[in-house]
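K.L.:
The letter at position 63 of the sequence shown is residue 63 when you use the numbering used here, and the numbering goes up by one with no holes.
In case anyone wonders, no lab produced these hints; they're calculated from the structure. A virtual CB, placed ideally from N, CA and C, is assigned to each residue, including glycine. Mixed in with the good hints, there may be bad ones.
Unchecked claim - If you anchor each label on the Cβ, the simulated ranges turn out as follows:
no., residue 1, residue 2, range
1, 118, 73, 16 to 26 angstroms
2, 15, 35, 19 to 29 angstroms
3, 89, 60, 35 to 45 angstroms
4, 106, 64, 35 to 45 angstroms
5, 73, 14, 33 to 43 angstroms
6, 50, 90, 17 to 27 angstroms
7, 5, 91, 42 to 52 angstroms
8, 62, 36, 41 to 51 angstroms
9, 21, 73, 12 to 22 angstroms
10, 89, 8, 32 to 42 angstroms
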Amino acid sequence: MPSPATLFRLLSEFIMLLLGALLILLALTRPVGLPARPVALVILGVVLIYWGVRALARPELQANRLQVRIRAGSLVLVGLMILGMRFLPLRHAALLLAVAGGVLVIRGLLGGVLLARGS
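Based on the provided sequences and hints, a complete structural model is requested.
P.N.:
Shown next as structure tokens:
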């Protein structure tokens with residue numbers, strides 16, 4: 001039987017999968033624009049990049065290294081895409097949002113498979 005920590009990580013990966021699917025759905029069905037305060041978008045992007053780099057810099061067990069790299073890499077990629085939404089032309093915003101959602105969906109799937117395989 002999986003430990004509670006493993007089940008919590010699996011739930012976390014499932015939530016990332018759902019968040020990615022929601023971002024893709026929003027990008028495909030609604031026009032995407034910049035928020036009223038674009039500084040919030042920059043702050044969100046920087047926080048996501050920082051969070052990913054911090055997760056990558058933490059010492060981990062060798063068995064969990066691939067999972068940590070996937071999680072950290074996905075956060076950095078999504079942070080870069082969020083920053084790109086602010087600095088690239090507005091016509092690319094929906095595409096960046098959909099790609100960020102795709103990264104989160106792939107992260108959720110890979111994380112779930114790796115957790116299921118490991119337990």
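K.L.:
Now look at each hint and say whether the structure bears it out.
P.N.:
Here is how each hint holds up against the structure:
Residue 118 and residue 73 have their C-beta atoms about 19 angstroms apart, which keeps the hinted 16 to 26 angstroms range intact. Remark: the range hint 19 to 29 angstroms for residue 15 to residue 35 is upheld by a beta-carbon distance near 23 angstroms. As the Cβ distance of residue 89 to residue 60 is approximately 39 angstroms, the hint placing it in 35 to 45 angstroms holds. The hinted window of 35 to 45 angstroms between residue 106 and residue 64 is violated, with their beta carbons roughly 18 angstroms apart.
Distance hint check for residue 73 and residue 14: the Cβ-Cβ separation is about 19 angstroms, which falls outside the suggested range of 33 to 43 angstroms. Evaluation of the 17 to 27 angstroms hint for residue 50 and residue 90 yields a pass: the beta carbon distance comes to about 26 angstroms. For the pair residue 5 and residue 91, the beta carbons lie near 44 angstroms from each other, so the given range of 42 to 52 angstroms is met. Take residue 62 and residue 36: their Cβ atoms lie about 46 angstroms apart, and the range 41 to 51 angstroms holds.
Taking the beta carbon of each, residue 21 and residue 73 are about 19 angstroms apart, inside 12 to 22 angstroms as hinted. Between residue 89 and residue 8 the beta carbon distance is about 40 angstroms. The supplied range of 32 to 42 angstroms therefore holds.
When held up to the earlier numbered hints, the structure conflicts with 4 and 5 and fits the remainder.
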